[in-house]
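S.K.: Can you build the whole structure from these sequences, using the hints too?
Protein chains in written order, with our numbering: chain A, 1 to 289; chain B, 1 to 329; chain C, 1 to 260.
Fair warning: there could be bad hints in the mix.
As the list claims (entries may be wrong) - Pulled a few chain C residues facing chain B out of the computed Cβ check, cut under 10 Å: (1) Phe53; (2) His74; (3) Val76; (4) Ala77; (5) Thr89; (6) Ile90; (7) Tyr132; (8) Ile165; (9) Gly166; (10) Lys172.
The hints are simulated quantities; they were obtained by calculation from the structure and are not laboratory data. Even glycine gets a Cβ: it sits at the ideal position worked out from N, Cα and C.
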Amino acid sequence: MEQVLANGIYLGAQYAMIALGLTLIFALMNVLNFAHGQMYVIGGFVTYTIYGQLGLPYIVALLASCVTLAVLGALIERFLFAPVIKGSAREESTMLLAAGIAFLLDALILLIFGEKQRGVPKIVNGVLNWDFRIIMPYDRILICGLAIFSIVAFIAFMQFSRTGRALRALAQDRTAAQLMGVNVDRYSTIGFALGAMLAGLVGGLLVTITGINLGMGGPTSIKAFMMVMIGGAGVISGAIAGGFILGFMEAIGLAVLSQYGDITYLVIFISLMIFLAIRPQGLMGKPWG
Amino acid sequence: MNGVTSKQLIGFGIFLLAIFVGVPIVIAATGRWDFYFTLTSVALLSIASAGVWLTFYIGRINIGQGAFALIGAYVSAILVAKAGVSFWISLLVAGLFAAVVSVLIGLPILRLRGVYFAMITLVLTQVVTLVALALPITNGAKGITSIPLPGGISLLGLQILPPFDSMADTKLAFYIMASILMVLTYLALWRLVNSRLGHICRSMQQNEELASSIGVNIAYIRIIIFAISSFFGGIGGALFGSISQSVYPSSFQVTDSVNFMLNCFLGGLGYVFGPMLGTLTLYFGWDLLFTLGKYQLLVYSVLLILVIRFLPNGLLSLRLGKLGKGGGK
Amino acid sequence: MSALLEVCGVTKKFGGLTAVNDVSFDVGQNEILSVIGPNGAGKSTLFKLISSFLRTTSGEVLYEGKRISDLKPHVVARLGVVRTFQETTIFKSMTVRESVIVAQHLRAKASLAGYFWGTRTARADIAAFGRYADELLEFMGMSAMAEELASNLPQGHLRALGIAIGLATDPKVLLLDEPFAGMNPEETMRTVNLVRSVCDARGVTILLVEHDMPAVMNISDRIVVLNFGEKIAEGTPSEIQNNEKVIEAYLGSADDEVGI
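M.R.: Okay, here's the thing in structure tokens:
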């Protein structure tokens, strides 16, 4: 029981961060970022290269992942999303563009990092064994702690910093924010960069546990979509709730359903669809339509 | 709602000539027999894309067609390989089965709009893949292989169509079969869009509340359209299974669902024949870029992004302008 | 005058907030009845309750003695109670004529499959739709813009298009949502005359929700006044004009809310 709980918290913290980035981008620009999983993968590969290959300190690698993705996100927003959003009234166009970018990032990952599964040396050794009730390697605990710390830092940033407040205003009502003097273009770029950075940060954290490979992008995006749907699209608290709920469902599912084969995700998917039939806006989303 | 113009008839005639006479001549002349397989794939993927286009027509972004294609492929494969049913019957059953499943799933999810609907349909593809892995009847990851080729059709003792395995050139046979089905699909789609149902869809696409205020049962129409869409998906999938003679849980994946959506966008959502052109362009483009080796995906995605960036209304918007709006009259 | 539409003790609560509280009134056959009130009085909520675009918390709306509240909007429309929207809600990329043709959905005799196969009934329907659309646009004075894309129409005509779409369904009762909002006096006069003739010449009973006092005084047979979700007065325009409570409600609210 305690083990399942611990696994749930560990998974949930990672997932919540991925969902946070996706929901931030969605809230700001109404863009469903299909490339979110690929951004996560790039983050993992950057950390792998700097920490695993070059042997620099892990924290440097983690920062490099964040910076790379923030820059990449800003570029994508400035040169691709912004002009397409301006040029087309239909929200479908941005979805198409996002799919194109997902392919492009996949191509770049393939060319730069190859298609092999990559792992890095453990950042800390040893395993916590609490009376055989919770068995968890120290590196997982550390990563989990870092993830929770990042989530708290992100929330604090959104609540208290000037930029965070501007972003929230923008997410709530674009036109009103513009009237209030928020530089919409600039903050859209910052918000997108921030969302991409979160994806990269999780990639950098998780590469130390699970390693990274090209194929992880798509499934990660799908998981992120599910979390956002559970919590309600475009709502920060919803993303965190969705992340932890999915994390716990996965942890419980793996513990309870494993003897029936690989049906955990099937059960999760089906319960998600039933849940959405009853509550289409998710847990914390605003009702619409 | 008005009749067919002579210009449209001539265009359609040229199109038929091109696919049933032109293509075989060109292939015979160039010796590129492999193009038959490519074009057959284009035809069957176009059928599935037509369904996705139709859901766009009621204002829903459908990224779940892979799910229904996979359902269709499995239904047909199981019927043909395990129950010995004629392929032609299984084709129809596959489409109908996919349609029934879509009604059950559509009842709850069609209430969702915009990105919410898009996200849930994306998840749907994954669900069907997992179901295929879990169920005993689908053989799990091993899939269903060595599916027999389609048999013949005879009516009142008269043989209309010989069995495929007795034919000299099954590639050509599959190409002709898929092309005929594609033409029928698009004729039906064109007719539907220009009939009253199409007009009602268009009214729903533009404003569901207003549509319901004039007495349209929007929930019912949504279900009907989603069922027709999935019927096309099931047919496309069943064809795919028959042509490749095998079905695996990975035969249609999330990427395929995304590609169906891309086909529609690329061809242009305002044009009935858009998804056909989009499928041809994307699939052929992908195939032609094969020579680029590891740069294939890079070039492909860059081209894709450029098209979206500079032609946000699809390829057909280039030449036809406002004249050829399929949704118009 | 027998009541065609009866609003009986209708209440709507959103969470803890009561938007419409126990409102009752009748609309007689071939009458124009207006519901007015200051901003936030619950007019739009009441409007949506009557057209079944919202569910009531309690109370009911009867049409010809049958309950229509909490039915689906399209069912209510089918019974003959049709609402219009404010000007932004139109079929943007259809022409005026196409909009009016598609809106004749309820007049169709053929099935949807019949249209697909082009049966004789369907062809007769299509011809009839076209004829009726032309007749209706003529009546509305919109023939000249029949082939115009709806999104290209000026605001005043958008409102007329909305009414035309509503009329194309052959309603017994037409519910108009702020038909005069944002119009100048001249446009208002024209629309007032139009609504009057819809009622007189086509025998359609009209219930409208409106802000614009002078127009309402001009057009209505009777007026119902809402304030804070409750009915505070009901009567002929002259009775309403001299009603203490109404004057108080309107003066009590900010000047700009009285309507120009």
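S.K.: Taking the hints in turn, state whether each one holds.
M.R.: Hints and how they fare:
1. Phe53: Constraint on Phe53(C) satisfied, holds at 7 Å.
2. His74: holds (5 Å)
3. Val76: holds (9 Å)
4. Ala77: Holds, because the Cβ-Cβ distance from Ala77(C) to chain B comes to roughly 4 Å (cut-off 10 Å).
5. Thr89: Hint on Thr89(C): holds, closest Cβ of chain B at ~5 Å, below 10 Å.
6. Ile90: holds (7 Å)
7. Tyr132: Violated, about 14 Å.
8. Ile165: This interface hint holds because 6 Å falls under the 10 Å limit.
9. Gly166: holds (7 Å)
10. Lys172: For Lys172(C), the interface hint is violated, since the closest Cβ of chain B sits about 13 Å away, which is over 10 Å.
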